[in-house]
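2 protein chains.
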Amino acid sequence: MPRRPTMTNASAPLTREVEAMDERGRLSTISIPAERALTVYVDKRELVTLMTLGSAPEALTLGYLRNQRLVRSLDEIESITVDWDVEAVAVKTTGGIADIEERTSKKVVTTGCGQGSVFGGLMDDIDRTTLSPDARLRQSVLYRIVDTVRTVQSIYKQAGSVHGCALFSGEGELLYFIEDVGRHNAVDSIAGRMWLDGLAGDDKVFYTTGRLTSEMVIKGAQMGIPFLLSRSGTTQMGHMVADRLGMALLARCTGKHFLALTGKDRLVMEPHLADVLRVA
Amino acid sequence: MPRRPTMTNASAPLTREVEAMDERGRLSTISIPAERALTVYVDKRELVTLMTLGSAPEALTLGYLRNQRLVRSLDEIESITVDWDVEAVAVKTTGGIADIEERTSKKVVTTGCGQGSVFGGLMDDIDRTTLSPDARLRQSVLYRIVDTVRTVQSIYKQAGSVHGCALFSGEGELLYFIEDVGRHNAVDSIAGRMWLDGLAGDDKVFYTTGRLTSEMVIKGAQMGIPFLLSRSGTTQMGHMVADRLGMALLARCTGKHFLALTGKDRLVMEPHLADVLRVA
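If you read the sequences in order, they're chains A and B. Heads up, the first sequence is in our numbering, so the first residue is 1 and it goes up one at a time. Heads up, the second sequence is in our numbering, so the first residue is 1001 and it goes up one at a time.
Simulated from the structure, these hints should not be mistaken for laboratory data. Treat the hints loosely; a few may be bogus.
To be clear about the criterion: a stretch of chain B counts as covered by chain A if any three or more of its residues have a C-beta under 8 angstroms from a C-beta of chain A, and this derived list gives those stretches [what the hints assert, rightly or not]:
1) 1084 to 1092
2) 1172 to 1178
3) 1209 to 1223
4) 1246 to 1260
5) 1265 to 1275
Predicted model only: the values in this text are computed from it and were never measured. Quick reminder that beta carbons are idealized off the backbone N, C-alpha and C, glycines included.
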């Protein structure tokens, strides 16, 4: 278990109420999710501004640096200090980030929600990534996961307009559930939490409410996770990258239904379970 | 009508078929949307790589430069040349882009899908933006728009996992409908088309299948469009910016239902229409 950096535990309201008028002119009050700027400073140098719900700013910052390959291990981080009053997070590293200027200069605007800017060189790492070859997922565990996500308390149920990401153990226990206005912030936040808790991805299952675009697949691979589940679909590049990695991509996961698109051999099929009546 | 730049009309397959296995182990072939890289070179200098469906690469490139405020008028563009073989688009400007280095150095990772990286200074323009104060939208026109989107032929119906954006006249005629793996590419493509056709936003209605996040609202404002419709919801910052601009934000537009959140006075209510039976 690596040494944890010193961190704040900053919180801010995650929803706010606004007045809405419907098709009959009736007024009501609805909740909408927060969306706020968080400007990341690394060793006093401005790096990026993330637009976020704000539910896990420290883990988001850490996971962002991890998934952007700007930080290779938790030991490189001295402290993470979030201050919502100035919408900023100050990251102090132990040794600085080598040639950060050069490494953050290349922009890729991805199809992903929320975490749109992936700095260059990220794709290069993919071919060096290997996912645990023996990891398998039972259909019964898949169903347990889908049902857990269905019943979890969420900002989405209250205010809509957020994406949820969750990490599950190989047995289908919920480890983390994080929502954000951008699903890429949610996956980065989970990457940060995994580091803080010393969790490896090797036998884990990642669930997202959003689409399995190339960037989501790449992030999953960076975290070493062999199973990616979504209630939504995928794209050609997401499919191609997952296929190349031997990652199990499962789309359209709702109720008893799913579509296994890549890494099908990682799935332990129990087709009789598909006949069991859905939980109401 | 301004002079049009010389442009290619590059096309590429928008979907591909992959094999899927369902919960009973049955194999089928499904379509998924393309997702490809398009690296933008401005006067031979690499600017950014966009991940896109690829349905309107020239308009996307133009709209991207417009919405990033890198180009202020169509006359600044000499030519736009897309070559899918090298996944690149070459933009030739008439006079170059002043201090492009400096203006593209600041990164904001937004909550938006697809067009996640907004270069700095964009928010600064917002307070200088004024939307046509007299523009109004009749409830009957709103319903015409929602029904048109419902029935339009789309990649979404065929392959899912794409966002659609559409531009309508004040009378509810469909002007453009563009889909992309990221909705921000779709809105940028529409911005490009508007420039090419010399269309102003002043009385137009913008529809998106995606959420009305701050970036979508900002882009709509840049295009001078007073009406933003979505079948989805909004976020706190999207709501705040629209409210400040007096832009009409209409969320949850489906069938006869909608929620007017800001700029309600721009709506000409015809509540009796809400009682008319929905189109099956």
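Okay, the hints, checked on the actual structure:
Only when three residues or more bring their CB closer than 8 angstroms to a CB of chain A does the claim for the region 1084 to 1092 of chain B stand; here the count is 0, and the claim is violated. Given a C-beta distance limit of less than 8 angstroms, the hint that chain A covers the region 1172 to 1178 of chain B is violated, as 0 residues qualify and 3 are needed. Counting residues of the region 1209 to 1223 of chain B whose CB lies closer than 8 angstroms to any CB of chain A gives 4, so the stated coverage by that chain holds, three being the minimum. Counting residues of the region 1246 to 1260 of chain B whose CB lies closer than 8 angstroms to any CB of chain A gives 6, which reaches the minimum of 3, so the coverage claim holds.
A stretch counts as covered by a chain when three or more of its residues have a beta carbon under 8 angstroms from one of that chain; for the region 1265 to 1275 of chain B and chain A the count is 5, and the coverage holds.
Of the numbered hints listed earlier, those contradicted by the structure are 1, 2.
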